[in-house]
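These protein sequences, in sequence, are chains A and B. So the first sequence is residues 1 to 451, counted in the working numbering. So the second sequence is residues 452 to 948, counted in the working numbering.
Simulated from the structure, these hints should not be mistaken for laboratory data. The hints are all genuine.
The calculated label-pair distances, taken between Cβ atoms and stated as ranges, are:
hint : chain 1 : residue 1 : chain 2 : residue 2 : range
1    : A       : Leu408    : B       : Gly757    : 21 to 29 Å
2    : B       : Ala903    : A       : Ala17     : 14 to 22 Å
3    : A       : Glu289    : B       : Leu485    : 32 to 40 Å
Sample of chain B residues at the chain A side, in silico, Cβ under 7 Å:
hint : residue
4    : Glu483
5    : Ser516
6    : Leu556
7    : Val709
8    : Gly735
9    : Arg777
10   : Ile798
11   : Gly799
12   : Arg805
13   : Leu862
14   : Val924
15   : Ala933
16   : Leu938
Please read all numbers here as calculations on a predicted model, not as lab measurements. Beta carbons are placed, not taken as given, at the ideal position from N, Cα and C, and that holds for glycine.
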Amino acid sequence: MAFIPHTDQEVREMLGAIGVDAIEALFDEIPADLRAAPLAGIPPAATEMQIGRLMSERAARDGRALNFIGAGAYEHHIPAAVWAIATRGEFYSAYTPYQAEASQGTLQTIYEYQSMIAALTGMEVSNASLYDGASALAEACLMAVRANRRAKTPRILMPRAVNPAYRRCAAAIAGPQQLLFESVDFDHESGRTAPDALESWGGADIAALVIQQPNFFGSIEEAGRLTDWAHAHGALVVAVVNPTSLALISSPNEWGQRGADIVVGEGQPLGVPLSAGGPYFGFMATRMEYVRQMPGRIAGRTLDLDGRPGYTLTLQAREQHIRRGRATSNICTNQGLVMTAATIYLALLGATGLERVAAAACARTEELVARLARIDGVRPAFSAPRFHEALLRFDRPVGPLVDALARLGIAAGYDAARDYPELGHTLLVCATETKTAEDVLRYASALEALR
Amino acid sequence: MKDVGEYDGAGEATIFDRSRPGRTATAQLAPETLASLPPELRRRRRPELPEVSELQAVRHYTRLSQKNFSIDTQFYPLGSCTMKYNPRGSNHYAMLPEFLSRHPLAPVSMGQGLLACLYELQQMLCEVTGMEGVSLTPMAGAQGEFAGVAMIRAFHRARGDAARNEIIVPEAAHGTNPATATMCGMKVVEIPCNPDGDCDLEALRRAVGVNTAGVMLTNPSTLGVFERSISEIAAIARQAGALLYYDGANLNAILGKVRPGDMGFDVMHMNLHKTFSTPHGGGGPGAGAVGVGRRLLPYLPVPIVGRDATGYVWLDERDLPETIGRLSAFMGNVGVLLRAYIYMRMIGRDGMRRVAEYAVLNANYLLARLRRAGFEAAYPDRRASHEFILTLKREAAERGVTAMDFAKRLLDFGQHAPTVYFPQLVPECLLIEPTETEAKETLDGFVAAMTAILAETVTDPERVKTAPHRLPVRRLDDVRAAKHLDLVWKRPPGGDS
Numbered sequence: 001m002a003f004i005p006h007t008d009q010e011v012r013e014m015l016g017a018i019g020v021d022a023i024e025a026l027f028d029e030i031p032a033d034l035r036a037a038p039l040a041g042i043p044p045a046a047t048e049m050q051i052g053r054l055m056s057e058r059a060a061r062d063g064r065a066l067n068f069i070g071a072g073a074y075e076h077h078i079p080a081a082v083w084a085i086a087t088r089g090e091f092y093s094a095y096t097p098y099q100a101e102a103s104q105g106t107l108q109t110i111y112e113y114q115s116m117i118a119a120l121t122g123m124e125v126s127n128a129s130l131y132d133g134a135s136a137l138a139e140a141c142l143m144a145v146r147a148n149r150r151a152k153t154p155r156i157l158m159p160r161a162v163n164p165a166y167r168r169c170a171a172a173i174a175g176p177q178q179l180l181f182e183s184v185d186f187d188h189e190s191g192r193t194a195p196d197a198l199e200s201w202g203g204a205d206i207a208a209l210v211i212q213q214p215n216f217f218g219s220i221e222e223a224g225r226l227t228d229w230a231h232a233h234g235a236l237v238v239a240v241v242n243p244t245s246l247a248l249i250s251s252p253n254e255w256g257q258r259g260a261d262i263v264v265g266e267g268q269p270l271g272v273p274l275s276a277g278g279p280y281f282g283f284m285a286t287r288m289e290y291v292r293q294m295p296g297r298i299a300g301r302t303l304d305l306d307g308r309p310g311y312t313l314t315l316q317a318r319e320q321h322i323r324r325g326r327a328t329s330n331i332c333t334n335q336g337l338v339m340t341a342a343t344i345y346l347a348l349l350g351a352t353g354l355e356r357v358a359a360a361a362c363a364r365t366e367e368l369v370a371r372l373a374r375i376d377g378v379r380p381a382f383s384a385p386r387f388h389e390a391l392l393r394f395d396r397p398v399g400p401l402v403d404a405l406a407r408l409g410i411a412a413g414y415d416a417a418r419d420y421p422e423l424g425h426t427l428l429v430c431a432t433e434t435k436t437a438e439d440v441l442r443y444a445s446a447l448e449a450l451r
Numbered sequence: 452m453k454d455v456g457e458y459d460g461a462g463e464a465t466i467f468d469r470s471r472p473g474r475t476a477t478a479q480l481a482p483e484t485l486a487s488l489p490p491e492l493r494r495r496r497r498p499e500l501p502e503v504s505e506l507q508a509v510r511h512y513t514r515l516s517q518k519n520f521s522i523d524t525q526f527y528p529l530g531s532c533t534m535k536y537n538p539r540g541s542n543h544y545a546m547l548p549e550f551l552s553r554h555p556l557a558p559v560s561m562g563q564g565l566l567a568c569l570y571e572l573q574q575m576l577c578e579v580t581g582m583e584g585v586s587l588t589p590m591a592g593a594q595g596e597f598a599g600v601a602m603i604r605a606f607h608r609a610r611g612d613a614a615r616n617e618i619i620v621p622e623a624a625h626g627t628n629p630a631t632a633t634m635c636g637m638k639v640v641e642i643p644c645n646p647d648g649d650c651d652l653e654a655l656r657r658a659v660g661v662n663t664a665g666v667m668l669t670n671p672s673t674l675g676v677f678e679r680s681i682s683e684i685a686a687i688a689r690q691a692g693a694l695l696y697y698d699g700a701n702l703n704a705i706l707g708k709v710r711p712g713d714m715g716f717d718v719m720h721m722n723l724h725k726t727f728s729t730p731h732g733g734g735g736p737g738a739g740a741v742g743v744g745r746r747l748l749p750y751l752p753v754p755i756v757g758r759d760a761t762g763y764v765w766l767d768e769r770d771l772p773e774t775i776g777r778l779s780a781f782m783g784n785v786g787v788l789l790r791a792y793i794y795m796r797m798i799g800r801d802g803m804r805r806v807a808e809y810a811v812l813n814a815n816y817l818l819a820r821l822r823r824a825g826f827e828a829a830y831p832d833r834r835a836s837h838e839f840i841l842t843l844k845r846e847a848a849e850r851g852v853t854a855m856d857f858a859k860r861l862l863d864f865g866q867h868a869p870t871v872y873f874p875q876l877v878p879e880c881l882l883i884e885p886t887e888t889e890a891k892e893t894l895d896g897f898v899a900a901m902t903a904i905l906a907e908t909v910t911d912p913e914r915v916k917t918a919p920h921r922l923p924v925r926r927l928d929d930v931r932a933a934k935h936l937d938l939v940w941k942r943p944p945g946g947d948s
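Just need the whole structure built from these sequences, with the hints factored in.
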């Protein structure tokens, strides 16, 4: 029996110790009329060899695309050591470190992770991760409403230049608690959130302004100006940042006079494979003054009975298993193993390594945009400086082009027309350090040939 | 001579302590001159990340891993968490390079193999639960609960019944139940349990009314017993116009034996990291798929995998306009879903039933042996499900040894502690869940450790009260941790920059 070690002899001995004749007798408290029929819809057992063959065949059918899609998930090289260590059984098959003394490995890793995220974002404290970037934004909006005691209305200004999937997710998760999400438009020439667009909210009661940096189009926002506007109007600033970009671009603590208040983002670029969308992890950092409003696990360093340092989960009075209906969130278990991988990734790269990844991705994207823009009917949509992603405007619908390129094994980009119909035919493209000049040429040639 | 990572009385060094300016780790990219990024957008102060060699990083995190208890190294009977063996085959075939390299927004034509797995997983989960539809997107049990209660809310609102803003939960429920209800904008009404562990039906009848949106139940309950009056509870909820929510935390106990759909539940979540044996990862990633009956189908969270003439497709807001929406940027924890799919295919139809049978056999055997060894069961007249509760109130009162002391001393014996102090209504409790993948001699070893500790509470209670003694650290000061917050590493004064 797969994964069940019992011999017939042992089963008899165990039943004898319990004092029943058969395993079935152990289910005698379940009313007979509720008993399930055999599960006809479940296939019979397959051996590891059989299921291995099936999975390998399905994987081979999907193949490996030459990928130029970003839009919230980015293909980076992952050092082999990252997942070799992260999938060690001692990390992989442990649970949430409730018994701190038997979980010092996980707890110290969380502490180091918190330190790295605080360093990257420039903030004072970090939690031990959330589910993903989009749900982290939802939690940040809820937290901002709790933290901003001056605002009487749970109103969040949400620029349209924020990733549309993040906006939908924030509305789904935070909506039932009556948060009001107000849309703020972007400048159609630069591709940035226009400070002018905020002015119509100048007299309103606002809990927080969200700033995504770089924004969904890859454009670098004037984060300092936006931050100062928010603070001048009594609003907190929720930053949504790409962690790779922070090696090069202003960290949220450097925005404007006072810096951002809550920083969240998608952790996937830090050593996590694309994996069709997950598991990834969300990160969250903030000022020390808001630490008790933060959702999720937090590890702290303390002392043991002998006065030696060690690590434990702390500030648990915020959490559901203590505070139940009055907790900061219902979140408990989330993305521990993925956070572990990201910690190892950052340890291996260091600031220098991350800077080089960021710079290479930035440069490859510029080369891609320059090359594609030479094609008739293709041009960059916006003028603002960008990080490693760009919105391209086409003279025809991009859907058929994307499908045709997919048949050649090229994932050409994200068709943004559904989210931004007013911009016409647009494609969001990204090239990271994983792409070579030959890859760019292959894409451009294939696209040219379709015209 | 002291090894760089050797314990020196000051605790294990952090990766930051091992850092030396100018040291580089893995094969780095060549530097790049960046013309495109204006200087005023650049970061002013470099982030302080460690600078270590690849070997140092590998050794550091390998050493840290060795300070963990885990299923792969220890018996881990953590009640309510279903710490069963996580097959390596599930991990291996979920991590094939083609699956890992797939971008979530790549055209579906490039991912039919992966989508076939997810589609079949949806169907298999419907079959084992008796539900009509499944969405795989919630990323943990708590997110599945959120999705479930949000669907209950959407259902009532669509019928113009917005006054239903109360969720009833038994007082023994997991903390996530009331926390979730609050996140969904609901009021929480807690009802008591009877002394025998079943739900207090009279209290339930008094609690339901025109404001009741739903009743959340775990069955078998968090008290480790099957809720025998489930059919009456379902009838009471139905008559009141409320929906019935099944918390799948304990699905392992009834897999293939009873289906939540057949018990009258309208909506449920499954913890795939428990029942379907995907790894717990030191605190995730999990997966909290939700299943619903016919009435809630329109509200399932998106995306869902559908099938049309062209093959497998994503169904999103355009296909389900009444959906409660999107709970993640993409499709939840796909890699975890693949592991659950592989596990389900490997154990197959008969394996499902065997999971419940041997999980319940192991729990009842362990309970019988521990009672014989002198421990008190919290519900002595009840059959254990896949887990059971001991109460140490006598030991605490007579010898001052608490459940927490027992838990810490078990660590010295190389056994991970059971869940302590949950459910909160049983004093000094240990919630013990052995799971079906443990062999008889492992259970016997646990009994031996428990018996030895029980003897120590008489002969040397201080030894128990000050445990653990053999772990990398002694008992940690949680009060200090919360009072003197030290949450991020800081360069010690005088350290090099």
